[in-house]
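Using the sequences and the accompanying hints, generate a full structural model.
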Amino acid sequence: DIVMTQSPLSLSVTPGEPASISCRSSQSLLHANGHYYLDWYVQKPGQSPQALIYAGSNRASGVSDKFSASGSGTDFTLKITRVEAEDVGVYYCMQTLQGRGFGQGTKVEI
Amino acid sequence: QVQLQESGPGLVKPSETLSLSCTVSGASIFGHYWSWIRQPPGKGLEWIGYIHYSGSTRYNPSLQSRLTISFDTSTNQFSMRLTSVTAADTGIYYCAKLGSPSSGFLANYYWYIAVWGKGTTVAVSS
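Quick mapping for you: the protein sequence lines, in order, are chains A and B.
The first sequence begins at 50 in this note's numbering and counts up one residue at a time.
The second sequence begins at 7 in this note's numbering and counts up one residue at a time.
Keep in mind that the hints were calculated from the coordinates and are not lab data.
Be a bit skeptical, because a hint or two may be false.
Derived pair list, reagent style SDA-like, types lysine to any residue, alpha-carbon separation capped at 20 Å [stated by the list, open to error]:
#1 K49(B) x P57(A)
#2 K128(A) x S71(A)
#3 K156(A) x P67(A)
#4 K156(A) x S61(A)
#5 K124(B) x G50(B)
#6 K156(A) x E52(B)
#7 K93(A) x E52(B)
#8 K49(B) x Q96(A)
#9 K124(B) x G95(A)
#10 K93(A) x V137(A)
#11 K49(B) x S97(A)
#12 K93(A) x P57(A)
#13 K49(B) x L58(A)
Dropping the structure here:
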C-alpha cells in the first residue's frame, strides 16, 4: 500500500500571505505515461470536500489560479499565493496510482 | 449539473450489515466511475472504493473482505454494503462521481473525485 504523509498537520497563516503544504508518498507516484498520480482536495468547514488539483499539477474546473501544485517522485507541494479567509479548511493530498489513498490532512486557519 | 444524494440508516448495530445508496441526478450511471469515501468523527478522509459502469470495481484493501459496491441502472443509483460492522465504521459516508479532463492526453484516462454528495452520518452502536 502507498502511504501518504502530509506536513505540517496544522498551519496558521496571515491573510494575504502565501502558504505551502507538503505531501510525501511512500513510493513514486510517476505513472508510465509521464504524469504524476496525485490529487489535492480541500474540505471547508461544514462542507463536503472539493477538488483543487488533479494529476499532480492540473487545476480542477473553476479553481482559482492562486492554487498551484508541483512535485516529482515522492515529494509534492500545494501552494496558495495569497491566503484569504475563504481558504480556511483541511487540505488533503490523495494518491491515485494504486487504488486511492489520502494523506492525514493539513488544517489551514487564519 | 450532477448532484448526488446518499441515503441509508443512521444507526447500525455491531456485527450487522451497513447498506447505503447514492441517487444520481443530472447524469447517467453509464460511462462514469462512482466512488464511496468516509470520514470518522473528527478525523480525515478514507477512500472506500469505486465502481465503473462496466461493473469493474476496486476496493480499499483494508475493507475488501467486507465490502461490495454495485449499481442499479434502472434507478440510476449505486450502493455499498459493508458487513460485520464495528464502532470503527462510524462516520460520515460520501458518495462521489469521478471526473476526467475534457481534453488533452488525460481525457478519459485520468479520473479524480469531481463531484461529492453532502454525506450521510452512520453510527454503529448497540
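Here is what the structure says about each hint:
no., hint, verdict
1, K49(B) x P57(A), "16 Å, holds"
2, K128(A) x S71(A), "9 Å, holds"
3, K156(A) x P67(A), "15 Å, holds"
4, K156(A) x S61(A), "8 Å, holds"
5, K124(B) x G50(B), "16 Å, holds"
6, K156(A) x E52(B), "16 Å, holds"
7, K93(A) x E52(B), "17 Å, holds"
8, K49(B) x Q96(A), "14 Å, holds"
9, K124(B) x G95(A), "10 Å, holds"
10, K93(A) x V137(A), "6 Å, holds"
11, K49(B) x S97(A), "14 Å, holds"
12, K93(A) x P57(A), "17 Å, holds"
13, K49(B) x L58(A), "12 Å, holds"
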